[in-house]
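Visitor: Each chain, written out:
Number of protein chains: 2
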Amino acid sequence: GIRFLSKKCQERFALIGELLNQEQLDIALLQELWCEKDFQFLKQKLSTFYPYAHLFKRQDGADESFCKFTNALVLSGFIGSGLAVFSRYRIHDAFLYQYSLNGYPYMVQHGDWFGGKAVGKVSLNIGGLNVYVFVTHLHAEYCREKDQYLPHRVVQAWELQQFIRHTSAGADVVLLAGDLNMHPEDLGFRLLRLSTGLQDSFSQTSSFSGCEGGFTLLSENPFTHPEDLTAFGGGIRIDYIMFKGSQEVDISCESLSTTEGSVPYSDHEALTAHFLFRTKEKGNGCSREESSCVSEDLPELINTVNEARTEVKVGLHCSERMRYTAARTGIMGLVLLVLELAIAAVPLFALGAEQPFPKASFYLLGALCFAVLFSTVMLYIFYSMEVKALQEAEDQMRLVVSGLQEQLKECTKAQSSDQS
Amino acid sequence: GIRFLSKKCQERFALIGELLNQEQLDIALLQELWCEKDFQFLKQKLSTFYPYAHLFKRQDGADESFCKFTNALVLSGFIGSGLAVFSRYRIHDAFLYQYSLNGYPYMVQHGDWFGGKAVGKVSLNIGGLNVYVFVTHLHAEYCREKDQYLPHRVVQAWELQQFIRHTSAGADVVLLAGDLNMHPEDLGFRLLRLSTGLQDSFSQTSSFSGCEGGFTLLSENPFTHPEDLTAFGGGIRIDYIMFKGSQEVDISCESLSTTEGSVPYSDHEALTAHFLFRTKEKGNGCSREESSCVSEDLPELINTVNEARTEVKVGLHCSERMRYTAARTGIMGLVLLVLELAIAAVPLFALGAEQPFPKASFYLLGALCFAVLFSTVMLYIFYSMEVKALQEAEDQMRLVVSGLQEQLKECTKAQSSDQS
Chain W
1 GIRFLSKKCQ ERFALIGELL NQEQLDIALL QELWCEKDFQ FLKQKLSTFY PYAHLFKRQD
61 GADESFCKFT NALVLSGFIG SGLAVFSRYR IHDAFLYQYS LNGYPYMVQH GDWFGGKAVG
121 KVSLNIGGLN VYVFVTHLHA EYCREKDQYL PHRVVQAWEL QQFIRHTSAG ADVVLLAGDL
181 NMHPEDLGFR LLRLSTGLQD SFSQTSSFSG CEGGFTLLSE NPFTHPEDLT AFGGGIRIDY
241 IMFKGSQEVD ISCESLSTTE GSVPYSDHEA LTAHFLFRTK EKGNGCSREE SSCVSEDLPE
301 LINTVNEART EVKVGLHCSE RMRYTAARTG IMGLVLLVLE LAIAAVPLFA LGAEQPFPKA
361 SFYLLGALCF AVLFSTVMLY IFYSMEVKAL QEAEDQMRLV VSGLQEQLKE CTKAQSSDQS
Chain G
1 GIRFLSKKCQ ERFALIGELL NQEQLDIALL QELWCEKDFQ FLKQKLSTFY PYAHLFKRQD
61 GADESFCKFT NALVLSGFIG SGLAVFSRYR IHDAFLYQYS LNGYPYMVQH GDWFGGKAVG
121 KVSLNIGGLN VYVFVTHLHA EYCREKDQYL PHRVVQAWEL QQFIRHTSAG ADVVLLAGDL
181 NMHPEDLGFR LLRLSTGLQD SFSQTSSFSG CEGGFTLLSE NPFTHPEDLT AFGGGIRIDY
241 IMFKGSQEVD ISCESLSTTE GSVPYSDHEA LTAHFLFRTK EKGNGCSREE SSCVSEDLPE
301 LINTVNEART EVKVGLHCSE RMRYTAARTG IMGLVLLVLE LAIAAVPLFA LGAEQPFPKA
361 SFYLLGALCF AVLFSTVMLY IFYSMEVKAL QEAEDQMRLV VSGLQEQLKE CTKAQSSDQS
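Protein sequence lines, in the order shown, are assigned to chains W and G. Position 249 of the first sequence, counted from 1, bears residue number 249 in full-length UniProt numbering, the numbering being contiguous throughout. Position 5 of the second sequence, counted from 1, bears residue number 5 in full-length UniProt numbering, the numbering being contiguous throughout.
If the Cβ cut is set under 8 Å, some of the chain W residues that face chain G in the computed set are:
#  : residue
1  : His54
2  : Phe56
3  : Ile91
4  : Asp93
5  : Phe95
6  : Thr167
7  : Lys388
8  : Gln391
9  : Glu392
10 : Leu399
What the hints contain is simulated information worked out from the structure, not anything from laboratory work. We put the beta carbon where it would ideally sit given N, CA and C, even for glycine.
With the sequences and hints as input, model every part of the structure.
Guide: Dropping the structure here:
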């Protein structure tokens, strides 16, 4: 919902509010709720059934007046994470992690860079259980065949799984929902699924109703471009609700449903899942979460992380090349500037020369040199940041892979000693 | 260690390498290791006793050549987190969180903004125990009486404790070390200590050797400015090693020592702590980490979080005012520009006027208007980001306080029902 830019923004928020009040859910997770004013509107509208709410604000935030102003100016960005949680249960704690990579600032038409993508976590207590709920929105995919953002999305998926893994050790139940902008077979989604152990509610539920194939971006929806989706059979599934239990709690997805493009809430279809929590009997006593030997999954996980590492390396190579190009162009601009200054110095030494000095073109060329220098320096800094972010992700992946391989080795050893 | 800017940079890294090899520690945590080249130098030098190493790279990173280049240009920043870990034990996993606020970019002389402050986490396995080690570096304090960075440091302390609390649920032992830039009685440090349960090794150890009062910034050190420290009795304690056990493991600090300013390693004194881990007997069976009623600490924690909230609100008020000033100045620049254009338009309509048009001053004024407009727009965006970050921190604090108050109420109820 970007005011003035998005179509029928306020009507849609009113519709969303009505839908949520009608459904009376336990938790509602929204993305792309950019303006604080719209959040306050929903908060008030939903206060009866969803008394607790949190909008993840940071960063690149804008207050309401700025929001109106910039949106009007198509400077839609600087507008926070856009992630919001409405809940029937008290929100005990909230935490936000911002992804280190999120597109390119100069790709203004794609606009992802301006909308600070992030993952938010809230802690709830539902019937004595620690329930950690994550909500996120990953970088959009604009062209599947030649996806220049693939390394960015893979790094985001990596950081998402790192955040979930590192922050959900104390949870009885983990839920994740959001617009992942990845197809179910995509590298980033496999990475997320395998490394966190989160299950996809669409593939796990016994009762599904809604669009064929669980599509959440549908050609029937009035806000989508049907021509983008014909190649995929009229729809794609890129929004997910994922879940995981723990050693104490079993969780199962009782039902999953999607809206079907008829009511114009959003360009994406809404997903609704019902879960059943069951406390496990404490039969096997005090089992601390040891590095359990699920060796059938380990090799697949190692392969997936290695695949992601390769993708990140490709991205690294690419952005190093871009940085090199920026540096080269910058040096050319500098040389041109020095030449200009030399030309300007000539009349000083050769006083009384006849030719008139070409002032206009001189200033124009000078301004051009400065523009080239400034933009290449900015690009160089930006690509340097990108290189470091990719390197950090690759380093982390290397550590995790070597740890997993160690674990696999021990498992195989343990199994073979069991057999002998 | 900033090359060219810092004094005797390479000699100091060589000295640090020798010291660490001599001590043969289990884990060494460094801050302000800005250049990858220096990290590689140390990694090789320490490879015998510290075979595992990780440098937290992201963001604002720079490769080696850029590092040299920018350092020479006093653009020292864009140079990563500066946090590094050297370890005798395999590093299984690494994760980085970047603070949302870190000074002001226009305070170039303080330079904190350029050095992307962050907290890094590594997971180690020491004798079968999950040991999580955190290393961080908070924003420096330049003037204690009128500390304009106080809200930034409080938000950093808040985010640090959030990161530690959220990511250390699965740990047997938690260690935190770093330059916190806070005195022991400071709000941020109390917040960190109370909310995470981490203990300060200086106050907990039975055997301390080194500077009086545990000082880590000392007037005797050749790299400090003694005049800054005379007000504090010749030194301050702003670097810490903190620790926490778990329900399974007891941890105690056997000894703590500091260097004493004689060998010129760094402007801060090095801290060395020895810890003893003891696995607890599993007497009380399978005790899940329930919200234990430590009601004697709860009121203090609530007070501290409220104090931090007040501080953040003051900062919020301040940065909203700054943003307002930026907007007002920007509008003045805009009005001036419009006036200029009107003046420029006059000769077009009044052709044949006698007075010569004052070209030079016209262009000068125009350039000034543009400069004012550009800088105020940048400042406005920057302050908007600051406001959002402060708001998010305040929102999180509000959630946590209300959760804690709920907990306190239940505790009091439980206690009174016990008594009756």
